[in-house]
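Residue numbers (full-length UniProt numbering): 1 to 371.
No wet-lab data here; the hints were simulated from the structure.
Don't take every hint at face value.
As the list claims (entries may be wrong) - Label-pair ranges, simulated between beta-carbon atoms:
1) T85 - G311: 30 to 40 Å
2) A173 - W63: 16 to 26 Å
3) P174 - T298: 36 to 46 Å
4) L186 - R137: 48 to 58 Å
5) S35 - V189: 55 to 65 Å
6) A38 - L186: 25 to 35 Å
7) R326 - P245: 52 to 62 Å
8) H39 - P304: 38 to 48 Å
9) N296 - G73: 18 to 28 Å
10) G311 - R145: 30 to 40 Å
11) P160 - I86: 34 to 44 Å
12) I82 - F322: 38 to 48 Å
Virtual Cβ for every residue (Gly too), placed ideally from N, Cα, C.
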Amino acid sequence: MTSNAQPPQAGLPGQAASSGVPAGAMPAWTLDMASLPAHLRPALPVMERDYFAFWRAPRFRWWKSLLAIVLGGVVFLFLSGILGTIGMLMDGTDPLAVVQGRSGIGPAFFIANNISLALCVPLAMVTAWVCVQQRPRWLTSVAGRMRWRWFFVVVAAILPLWILLIGIGLLVAPPSGVGLWPHTTLMVVGILLTTPLQAAGEEYLVRGLLGRAVAAWLPNPVVGFGLSTIVTAGVFMLLHGAGDPWLNVFYVAFGVVGSWLTWRTGGLEAAVAIHVVNNMLSEAILPFVDMSGMFNRTAGAGDPSILINIGVLVLAALIVEFLARRADLVTRARPGAFELEATLTSMAGYGLPPGGPAAGYGPPPGGTARA
């Protein structure tokens, strides 16, 4: 007996003959994707995608990545410029002198700069939502949420490394003028309240928004990840404005490790955790010393000892990689598949087949099909 059922389209699962669809009818899941109006195509991936390839969904178009980069970049520069200027004026410093390196910065500028970077978390989320139509939660991970337990596991695992690194550094080269300063209280409060968010903001903007925007241009996910890593590591370095080659090597290494861990774990949690721990421990002494040269990144500010920091960074990445394998994290997902099948079924006029959606479809564990 010859079946009249149509062959399944590439990328969509076929359905068993017992689906209940009348003979001679075309099952909903065999409809061609091109027949769907653009607004009905899922904004979330229908094929399994890793973190950086997550924008490669039926609704994606190349210009959306470009729009996201331009929009996110312009808003970030505007916010950082306004808040930075306000901070320098509150410190009583000349903004032009600070930019030219003729004057140091004060606590108000430090906090204002942190706030501008912290705002990059909602900025990146909203930009991705507006440009790619993926809801803000999908920028955090392929699970569509912040995996807090995993985040704190990473923090607990790597914290001893940075305590040891910073502690030895202070013993080998103790800072001068340690004591209580007029800025001590403000800096302690400012670091505790804003530095974790500042670190997260850099990751969401650079590793999250920019990383996905670049990777989405390439169909091969591995090549996309590679290009994304190169671009984001370079941008991360440039954003820190260092004129010292050793510091730039560190920033590039930090960017590469952040991208690698994001790719391997399916989310930004590990990169944010390392960034938060690094910045919090590195800034622990700032409230108790003269901070006028805090942002001194001119040539000569760094030296080969920075390779020790890079070594600790790589060791932390290896520890996180080991923990990620044991945690069995979701690193690839296709939450748009359920949405696509429901849409196609509705267009064909049939209900979902017996037993629910076709095998292998549906959102990832803990996620939903909504974009």
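Quick rundown of the hints versus the structure:
Distance hint check: the CB atoms of T85 and G311 are about 38 Å apart, consistent with the given range 30 to 40 Å. Checked against the hint of 16 to 26 Å, the C-beta distance between A173 and W63 comes to roughly 50 Å, which is inconsistent with it. Distance hint check: the CB atoms of P174 and T298 are about 23 Å apart, inconsistent with the given range 36 to 46 Å. The hinted range of 48 to 58 Å is not satisfied by L186 and R137, whose Cβ atoms lie roughly 34 Å apart.
Between S35 and V189, the C-beta spacing of about 58 Å keeps the proposed range 55 to 65 Å intact. Restraint check, A38 to L186: a C-beta distance of roughly 51 Å breaks the suggested window 25 to 35 Å. Between R326 and P245, the C-beta spacing of about 38 Å breaks the proposed range 52 to 62 Å. A hinted range of 38 to 48 Å is violated for the C-beta pair H39 and P304, which are about 56 Å apart.
Here the CB-CB span from N296 to G73 is close to 26 Å, well matched to the stated 18 to 28 Å. Range check, G311 to R145: Cβ separation about 33 Å, and the 30 to 40 Å hint holds. For the hinted restraint 34 to 44 Å between P160 and I86, the CB-CB distance of approximately 38 Å keeps it satisfied. The hint said 38 to 48 Å for the Cβ distance between I82 and F322, and at roughly 43 Å that hint holds.
Violated hints, listed in ascending order, are 2, 3, 4, 6, 7 and 8; each of the other numbered hints is respected by the structure.
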